[in-house]
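Just so you know, the protein sequences line up as chains A and B, in that order. FYI, the numbering for the first sequence is 1 to 317, going by our numbering. FYI, the numbering for the second sequence is 1 to 145, going by our numbering.
Don't read these hints as lab results, they were simulated from the structure. Source: prediction; values computed, not measured. For each residue, glycine too, the CB sits at the ideal point set by N, CA and C. Do not rely on the hints blindly, as some may be mistaken.
What the hints assert, rightly or not - Restraint ranges, calculated between C-beta atoms of paired labels, are given here:
#, chain 1, residue 1, chain 2, residue 2, range
1, B, Glu-38, A, Pro-65, 31 to 39 Å
2, A, Glu-64, B, Lys-102, 38 to 46 Å
3, A, Glu-59, B, Asp-143, 28 to 36 Å
4, B, Asp-143, A, Ser-171, 35 to 43 Å
5, B, Lys-145, A, Thr-33, 52 to 60 Å
6, B, Thr-123, A, Glu-59, 41 to 49 Å
7, B, Thr-78, A, Asn-52, 26 to 34 Å
8, A, Glu-174, B, Glu-50, 51 to 59 Å
9, B, Asn-96, A, Pro-72, 54 to 62 Å
10, A, Ser-177, B, Glu-38, 34 to 42 Å
11, A, Lys-36, B, Ala-94, 18 to 26 Å
For reference, the chains in residue letters:
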Amino acid sequence: MKILGLHLFLIIFFITYMTSAYGYKFSIYTDETNNKKADEVINAFKTTYPFNQFSLEFEVKKVEPSKLNCAPRLGIDRLLGCDTEDIARDAAKRGVDQVFIVKDSPKYGGSGGGIPVMSSSSPTSMLIHEYLHTLGLCDEYEYSKEEASIYCVANGANLALINPDPKGYKSDSEARSKHMGNIPWAGIIKPQTLITNIPNLGTASVDHSTLATPNSGNSVSPLVSVVGLYRGKTCDNAVIPKVSWNPGREASIMQYLEAGIGAGNEQIVARILDSKGVPRKLNAPPPLSKSINDSNRESKPVENLEISNAASGSIPR
Amino acid sequence: MILRPLIVLFCFLNCTFLIADDCGQLLNAVIKLDPQNEKASLSDFSIINEPFCDLGTNELNANFDIQIFSQNNKLVLTKSIFLNLLTVYESLDAKNLNRFGKNKVLASVLVKNIKFSIKMPLTNLEKYKIILKTNHKVFGEGDIK
């Protein structure tokens with residue numbers, strides 16, 4: 001009886017020890033009176049893959065509007081930015097890992113830098129979009145000439161700037177040897193996925209009329225098309241035109257707010273969170289493990305790669 | 001009878017913790033980056049009295065190295081992190097809130113929370129350096145207070 005009690009105690013002790021392990025702390029600072037949008041944001045993170053696979057702790061910190069120090073940028077009232085130094089200091093004392101701001105405002109907008117910001121009247125997915133900027137992901141919508149010229153100078157986690165060879169490519173391996181080193185997500189493009197449709201660069205034509213489906217599941221979104229190299233439009237208007245490329249064929253949350261993160265970007269985000277040391281939930285599947293569907297895909301002919309593939313393979317780290 | 005296995009378990013968990021390379025005490029700080037003027041600084045150092053294993057010392061796509069030095073300029077810690085050099089300010093289309101409207105890209109000052117795992121008292125840490133990885137330019141250095 002005594003031994004049974006001891007075992008029970010040890011099990012409880014061990015479980016308590018394990019579950020009290022470090023969780024990555026998100027703190028949402030808001031001047032909303034009812035926390036409505038902040039609560040919606042928390043729910044969105046909790047139910048969106050891959051964030052739902054990580055051990056995240058959430059808190060809402062209600063503050064006075066003056067503490068948020070938000071103001072329109074460049075005199076344009078919908079371009080919302082906040083001076084966040086005091087907030088970061090406050091958060092540091094409490095061991096917060098990532099601060100977010102939800103500003104009570106009827107204007108529609110937000111910003112993504114060190115601390116993601118959104119107005120309370122914007123869709124909840126806006127803050128996920130802004131947080132993806134904080135993680136290093138780029139917009140996938142078309143920039144104006146002025147912005148493209150500033151923004152399109154370097155690759156981002158989901159943006160590759162590659163001017164295709166005007167002579168075209170004789171083989172996929174030729175394109176791979178020339179360009180894979182310049183594709184930030186090369187590690188999640190499967191060896192059998194083409195990055196050309198000879199003689200042109202690009203896995204396939206883009207389809208921005210199809211939106212990536214929001215994914216609240218426990219694994220990478222089922223793919224409508226494979227993760228590859230797809231022509232983007234972010235940098236088309238740059239003074240010196242740049243050809244931009246993205247990992248997904250469909251429009252993602254980096255283009256339209258009602259879209260999902262998209263399978264390619266989901267994998268990129270998961271890799272970034274892993275590299276930041278954000279702990280995975282104890283019951284979460286191991287990082288980007290192979291699924292049964294993967295083995296199915298291996299046997300599919302290359303020309304069918306654009307359709308009905310599911311899940312991704314393991315990513316070299 | 002009951003105490004002995006508990007002590008063994010306690011020692012095992014704590015010894016594992018102490019031996020692990022990335023584990024120590026939690027040091028919080030605030031990093032400030034001014035990309036336009038190529039300056040960066042760390043401030044608001046505070047130790048939280050809890051064990052912390054930093055498994056994020058080498059972030060994917062990291063563009064800055066933060067080096068921490070103890071007395072006698074001894075490098076005790078390097079953490080590679082990603083910081084945005086540009087901030088995107090985005091508005092939404094009032095007719096369709098799922099579409100983006102006007103946006104602006106600015107090299108705004110960026111502030112962010114950062115955590116370190118340290119194995120010595122804060123008083124033993126002396127200096128920090130923040131270095132841009134691409135060209136090794138020192139964006140900032142200062143004392144740890």
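Hints violated by the structure (listed by number, smallest first): When the structure is compared with the hints, numbers 2, 4, 5, 6, 9 turn out to be violated.
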